[in-house]
Amino acid sequence: MLFYSFFKSLVGKDVVVELKNDLSICGTLHSVDQFLNIKLTDIQVTDPDTYPHMLSVKNCFIRCSVVRYVQLPADECDTQLLQRCSKKRGSSE
Amino acid sequence: MVVKEEMVLLNSCSPPDEGIRKKQENTSAFVGERALGKGTLFIAESCVSWQSSEHEGQGFSLQYPGISIHAVSRDLTAFPHECLYLMVEGDLTDDANREEEESDDEDLDPSTEMRFVPDDKTVLDQLYKAMSDCQILHPDENDSDFDEGGFYEGEDGLDHLSEQGQANLQRMENLLGQGDGQLNNNHAENGDDGVIDEQFEDADEEDDMEQ
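Chains A and B, in that order, give the protein sequences. Residue 59 in this note's numbering sits at position 59 of the first sequence, with consecutive numbering throughout. Remember, this note's numbering sits 1000 above the position in the second sequence when you count from 1.
It is possible that some hints are incorrect.
Listed below are the simulated SDA-like cross-link pairs for lysine to any residue, each with C-alpha atoms no more than 25 Å apart in a straight line [as the list claims (entries may be wrong)]:
(1) A/Lys39 <-> B/Gly1019
(2) A/Lys20 <-> B/Gly1090
(3) A/Lys20 <-> B/Thr1093
(4) A/Lys20 <-> A/Val45
(5) A/Lys39 <-> B/Ala1035
(6) B/Lys1038 <-> B/Leu1010
Partial list, derived from the structure: chain B residues whose beta carbon lies under 7 Å from chain A [to be verified]:
(7) Asn1011
(8) Thr1040
(9) Ala1044
(10) His1070
(11) Thr1122
(12) Leu1137
(13) Asp1140
In case anyone wonders, no lab produced these hints; they're calculated from the structure. Note that beta-carbon positions come from the ideal geometry of N, C-alpha and C, so glycine has one too.
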């Protein structure tokens, strides 16, 4: 649930979701659920030649299992907080 | 690694008979560039299915774990119709050129684009929402980490959040209809209440449209 909470705190921020098929989608994080399915709005693709139609999509739902990486805005990420949460999680196991 | 079911297009296929969230008649289907004609789209809890109305008893169905992305596309310069757009795992087209293109990238998972074009374009957002609601009913089977306990939980978490993050988190909880915030996480991860209430999610959009 750590990452669920973490992603929830980033709602409304711009992220880049990199998929396992090498498609990268930039957009505003609209919502995330406990499985880390992701909804983005105002999206753009970094490779419009391969996926020209994706430019026309305003919002999309990305299934959690196809996400490889999510690039986050550095200034929105409290890494100390993440560390504390991770430690807390570790110590409670 | 998810084992993909072999999906043969326009097979003999019967529509789902239960858990149907949305049934849309007069909906054209496209797989890649290939038009399959008109039919009926079923968005059911178990699968997304399309039945041809030109070839009775023919159709196909898609399992949710194989649907990577779904979206509503309205830009007619990219495709001549407003549509429900799907990116599906696996190469479902017979296009040999496509394989050649991808042979350089062995790690690349092939994917296929599908589009559903209902005659009635006003239902597109409903189709999108129905698919979103059903998609979250199908988490990965091996994604069981959540149930092993010890995860970040409880009220203390909120104290650790930055003001900005906390504000966002609160917004998120409201958005998801989880008014009690963190306490509900444990409940949600057990899977019984996996369906998230998204009644507010399109509120902004509707405001935009009115202006």
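Hints, one by one, checked against the model:
Of the pairs offered as hints, the one joining A/Lys39 and B/Gly1019 holds, with about 23 Å between alpha carbons and a cut-off of 25 Å not exceeded. Taken as a hint, the A/Lys20 and B/Gly1090 pair is honoured in the structure, with Cα atoms around 12 Å apart against an allowance of 25 Å. Restraint check: the Cα-Cα separation between A/Lys20 and B/Thr1093 comes to about 20 Å, which is no more than 25 Å; the hinted pair holds. As the CA atoms of A/Lys20 and A/Val45 are separated by approximately 14 Å, the hinted pair is consistent with the 25 Å bound.
Under the criterion of a C-alpha separation no larger than 25 Å, the hint pairing A/Lys39 with B/Ala1035 is inconsistent with the structure, at around 28 Å. Restraint check for B/Lys1038 and B/Leu1010: the C-alpha separation of about 12 Å stays at or below 25 Å, so the hint holds. Nearest Cβ of chain A to the Cβ of B/Asn1011: about 24 Å, over the 7 Å cut. The hint is violated. Because the beta carbon of B/Thr1040 sits about 22 Å from the nearest beta carbon in chain A, more than 7 Å, this interface hint is broken.
Taking 7 Å as the C-beta cut-off, the interface hint given for B/Ala1044 is violated, the closest approach to chain A being about 17 Å. The interface hint given for B/His1070 is met, as the beta carbon of that residue sits about 5 Å from the closest beta carbon of chain A, less than 7 Å. Checking B/Thr1122 against chain A: minimum C-beta separation of about 16 Å lies over 7 Å; hint violated. Below 7 Å, beta-carbon pairs count as interface contacts, and B/Leu1137 has none with chain A, the closest being about 10 Å; its hint is therefore violated.
At a threshold of 7 Å, the smallest CB-CB gap from B/Asp1140 to chain A is about 5 Å, leaving the interface hint in force.
Violation of the numbered hints given earlier is confined to hints 5, 7, 8, 9, 11, 12; the remaining hints are satisfied by the structure.
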